[in-house]
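Turn these sequences into a full structure, and let the hints guide you.
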Amino acid sequence: AQKITQTQPGMFVQEKEAVTLDCTYDTSDPSYGLFWYKQPSSGEMIFLIYQGSYDQQNATEGRYSLNFQKARKSANLVISASQLGDSAMYFCAMRPGSGGYQKVTFGTGTKLQVIP
Amino acid sequence: GAVVSQHPSWVICKSGTSVKIECRSLDFQATTMFWYRQFPKQSLMLMATSNEGSKATYEQGVEKDKFLINHASLTLSTLTVTSAHPEDSSFYICSASDRGGNQPQHFGDGTRLSIL
Numbered sequence: 001a002q003k004i005t006q007t008q009p010g011m012f013v014q015e016k017e018a019v020t021l022d023c024t025y026d027t028s029d030p031s032y033g034l035f036w037y038k039q040p041s042s043g044e045m046i047f048l049i050y051q052g053s054y055d056q057q058n059a060t061e062g063r064y065s066l067n068f069q070k071a072r073k074s075a076n077l078v079i080s081a082s083q084l085g086d087s088a089m090y091f092c093a094m095r096p097g098s099g100g101y102q103k104v105t106f107g108t109g110t111k112l113q114v115i116p
Numbered sequence: 001g002a003v004v005s006q007h008p009s010w011v012i013c014k015s016g017t018s019v020k021i022e023c024r025s026l027d028f029q030a031t032t033m034f035w036y037r038q039f040p041k042q043s044l045m046l047m048a049t050s051n052e053g054s055k056a057t058y059e060q061g062v063e064k065d066k067f068l069i070n071h072a073s074l075t076l077s078t079l080t081v082t083s084a085h086p087e088d089s090s091f092y093i094c095s096a097s098d099r100g101g102n103q104p105q106h107f108g109d110g111t112r113l114s115i116l
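Chains as they are written, first to last, in the working numbering: chain A, 1 to 116; chain B, 1 to 116.
You can trust all of the hints, since none of them are fake.
Cut-off 30 Å, straight-line C-alpha distance, at most; resulting in silico cross-link-like pairs (DSS-like, lysine-lysine): (1) A:K103 <-> B:K64; (2) B:K66 <-> A:K103; (3) B:K41 <-> B:K66; (4) A:K3 <-> B:K66; (5) B:K64 <-> A:K3; (6) A:K103 <-> A:K3; (7) A:K16 <-> B:K41; (8) B:K41 <-> A:K111; (9) A:K111 <-> A:K16; (10) B:K55 <-> A:K3.
These aren't lab readings, by the way, just hints derived from the structure by calculation.
If you want it as structure tokens, here you go:
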């Protein structure tokens with residue numbers, strides 16, 4: 001069984017500052033993928049970044065980076081230079097193995113609010 | 001652009017009505033699609049895995065006869081909420097991905113269902 005834990009129900013960050021959203025996971029699968037999604041108030045789920053369990057380097061996508069610490073089973077999302085449009089719910093998710101047909105497990109989410 | 005299209009985006013109907021929601025993969029063939037339900041301020045809850053050409057796999061506690069899933073082609077899955085009641089009101093969202101290992105789940109924009 002897989003489990004994703006996001007311990008921060010809500011976070012505030014000043015505009016232009018960096019913010020880290022925490023995510024820890026638990027799995028017995030040797031191979032897995034970790035994802036972060038953004039959900040604005042309009043409801044759509046926007047894919048942000050992916051980290052494979054065997055990837056040697058931390059994933060980066062523009063202002064988003066994933067701080068992957070395999071031994072600690074953590075996959076924190078770092079958003080640099082926060083913008084007002086970053087205000088949203090953020091979900092950490094995990095998928096076992098390497099197939100798109102595998103189920104994804106989501107964390108409970110963190111609501112990020114960017115303050116002008 | 002969007003790779004998964006979900007329709008309709010908003011439904012308001014009377015109690016007892018059956019409602020069909022469509023999920024289409026636009027740029028790829030999806031042998032597997034997923035249906036989620038999301039209550040306000042909560043995470044996504046997987047309802048079922050939709051398998052092309054075979055029966056859907058439902059998660060524990062999800063009524064198969066209430067939530068009918070059909071995946072008749074490689075690009076279309078439908079969720080029908082039968083004889084809907086106010087407690088079925090929720091946000092329903094589908095996802096799909098290519099088979100590739102590091103491909104994320106791409107989500108539709110979701111359907112807000114309100115049963116009066």
